[in-house]
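On the provided structure of chain W, position chain H as indicated by the hints.
Number of protein chains: 2
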Amino acid sequence: MGEFDLIRRYFQRPAAAGVDVGVGDDCAVLVPTPGARWLVSSDMLVEGRHFLSTVDPARLGHKALAVNLSDLAACGATPRGFTLALALPRVDEDWLAAFARGLWALADASGCPLIGGDTTQGPLNICITVFGEAPAGQALLRSGARVGDEIWVSGRLGDARLALEVFRGTTALSGDGFETVRTAMECPTPRLALGQALRGIATSAIDVSDGLLGDLGHILAASNMGARLDIDALPRSAVLAAQPVALQHECLLAGGDDYELVFTAPAGARLPDVGVALTRIGVIEAEPGLRVVDAQGATVAHGLRSFDHFSA
Amino acid sequence: MGEFDLIRRYFQRPAAAGVDVGVGDDCAVLVPTPGARWLVSSDMLVEGRHFLSTVDPARLGHKALAVNLSDLAACGATPRGFTLALALPRVDEDWLAAFARGLWALADASGCPLIGGDTTQGPLNICITVFGEAPAGQALLRSGARVGDEIWVSGRLGDARLALEVFRGTTALSGDGFETVRTAMECPTPRLALGQALRGIATSAIDVSDGLLGDLGHILAASNMGARLDIDALPRSAVLAAQPVALQHECLLAGGDDYELVFTAPAGARLPDVGVALTRIGVIEAEPGLRVVDAQGATVAHGLRSFDHFSA
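Protein chains in written order, with the working numbering: chain W, 115 to 426; chain H, 115 to 426.
So here's chain W without its partners, still in its complex pose:
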């Protein structure tokens, strides 16, 4: 199967609403909503670095788009479309069919059509760029946190990292427990509805991709603020809560791959209910730095840092 047959078979559909031209010309042509800002994010996934070679390709298709949609969610954007650039060592039709199925399922569920891209031969590499919209001045940024703002997180943290530790062989879990955390790692849910509902409410937001410490650290740096973080308040699954405390802390603080939203909001703000649990985990302070404390307010030493692709 040649390059163009491959695109036609797996990645081409009639252009969606708001798309003048989709896959199959030199560029896709989109119709912007009058008055909206245009938001763009791009993530590259490399085999062995972002996913295991043994992963179910349908889950990989889901995750490749999910991590990008998560960036739109963190900015409060409404998805409009995405491009897919894909390097494949060879054409494996079973793999492609499953990958495309996982990708399209999330694309359809998110109202985010595939509008273009590229395919080539090479070491497996998936690069997705997503486009979304938000009303002018309403995109959620990292820079708006203010003293006294409460820090919130959606869903649960740490399960993806716990699954990775099982794959690495540093810990073991029962079958059910393993499936729970493996699903968290392989099928993250981008918090699009939450992000959009937080427009005009959250003062800053980010998604947890590299680990809570580092990602919250980006908010603090961009906002010129410090924070106190209650480690006992961090929401975790029963599976993670059953692990040794040191491992829990590592997964919660430095795990990454969670794709939950961390955001700040003024104390007492009315937060939206979009069916996702929200947990208050700390407070923004004027003193620079991130102070991790327990439920009694005592400092917790951790020595952890976030994931860095060139230092890890």
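Check before you lean on any hint, since a few could be wrong.
Stated by the list, open to error - Label pairs and their computed distance ranges (CB to CB):
1) H/P203 with W/A307: 33 to 41 Å
2) W/D206 with H/T147: 41 to 49 Å
3) H/N338 with W/F292: 49 to 57 Å
4) W/G283 with H/R127: 13 to 21 Å
5) W/T147 with H/V280: 48 to 56 Å
6) H/E207 with W/R122: 25 to 33 Å
7) W/H416 with H/D208: 34 to 42 Å
Please keep in mind that the hints were generated in silico from the structure rather than gathered at the bench. Computed from a prediction, not measured in an experiment: that's the story for all the values here. Cβ coordinates follow ideal geometry from the N, Cα and C atoms, glycine included.
Chain H alone, transformed into the frame defined by chain W:
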């Protein structure tokens, strides 16, 4: 050097005009021009497939952006920005500094700022996604060619392929001749001004990336037309013109990597002068298929086809 230092040192600058938020948040935020359509294209470059490991990294930075801008040019779009996703085997600061220099030079010359992206460790892979604008209904597409339209091409064809043949060792050139064709291969010029000037004039357009036969074939397929192509009219450098005829034909018809624009326009249309040579190379016909003829109108057998990443 960590991931974020790398981004700050080589790929971060203050946000450009029309960019509310550039590199450094979850998304970049752009301000669309009221009434314009939004055009998007994405290309992935893989070492050993799209470039040689020995290429000057400054030229690689130029070319990675140039091949993407060429897609905007083919649609008549005005560039607005691009994202860069980069997988690197290791952090090599000399390489990165040169790559970034070549990239920024073309970005600045094209008014197309880097607005975001991703860096990770992995086999060298460069994925750029470009964004541009065109007035509603004025983007140049592949689908508008009509019977009697003339077929035109900008610049010269075939030099990039001739350079590749020298690298492959199938032919040899003198130093000056080699530098000419090597520069064509490594430093293509995206025809942005020409593409924009062809809005409202050209009935269809495409850039020559995979080879003239295949790329013109895309126009014919999208337009439901056929064509007659005069092989003797194809513009070529003196270096290429000095090669055996069979090699000339291969480079001209099936070479690819030219990044010139092929477009159709009604006979007698007044074509823009933007300082780029334009050559009439054929005519659109109702009969399906692409007929290659010489200056006397005799059919030329060639047996060539365009580059395909999974068949070549």
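- [ ] For the range 49 to 57 Å, tell me whether the beta carbons of H/N338 and W/F292 fit it or not.
- [x] 55 Å, holds
Task: Pairwise beta carbon distance, H/P203 to W/A307, judged against the given window 33 to 41 Å - done: 39 Å, holds
Open item on the list: Tell me if the beta carbons of W/D206 and H/T147 are separated by a distance inside 41 to 49 Å.
Closed with: About 43 Å separates the Cβ atoms of W/D206 and H/T147, which means 41 to 49 Å holds.
Open item on the list: Within 25 to 33 Å: is that where the Cβ-Cβ distance between H/E207 and W/R122 falls?
Closed with: Given a distance of about 43 Å, which is not inside 25 to 33 Å, the answer is violated.
Open item on the list: Verify the CB-CB distance for W/H416 and H/D208 against the hinted window 34 to 42 Å.
Closed with: 37 Å, holds
Open item on the list: Holds or violated: the 48 to 56 Å window for the beta-carbon distance between W/T147 and H/V280?
Closed with: Check passed, 51 Å falls within 48 to 56 Å.
Open item on the list: Just to be sure I understand the hint, the distance between the Cβ atoms of W/G283 and H/R127 should be within 13 to 21 Å; is that true here?
Closed with: For W/G283 and H/R127 the Cβ distance comes to about 44 Å; the hint is violated.
Hint compliance for this structure: hints 4 and 6 are not met, and every other hint is.
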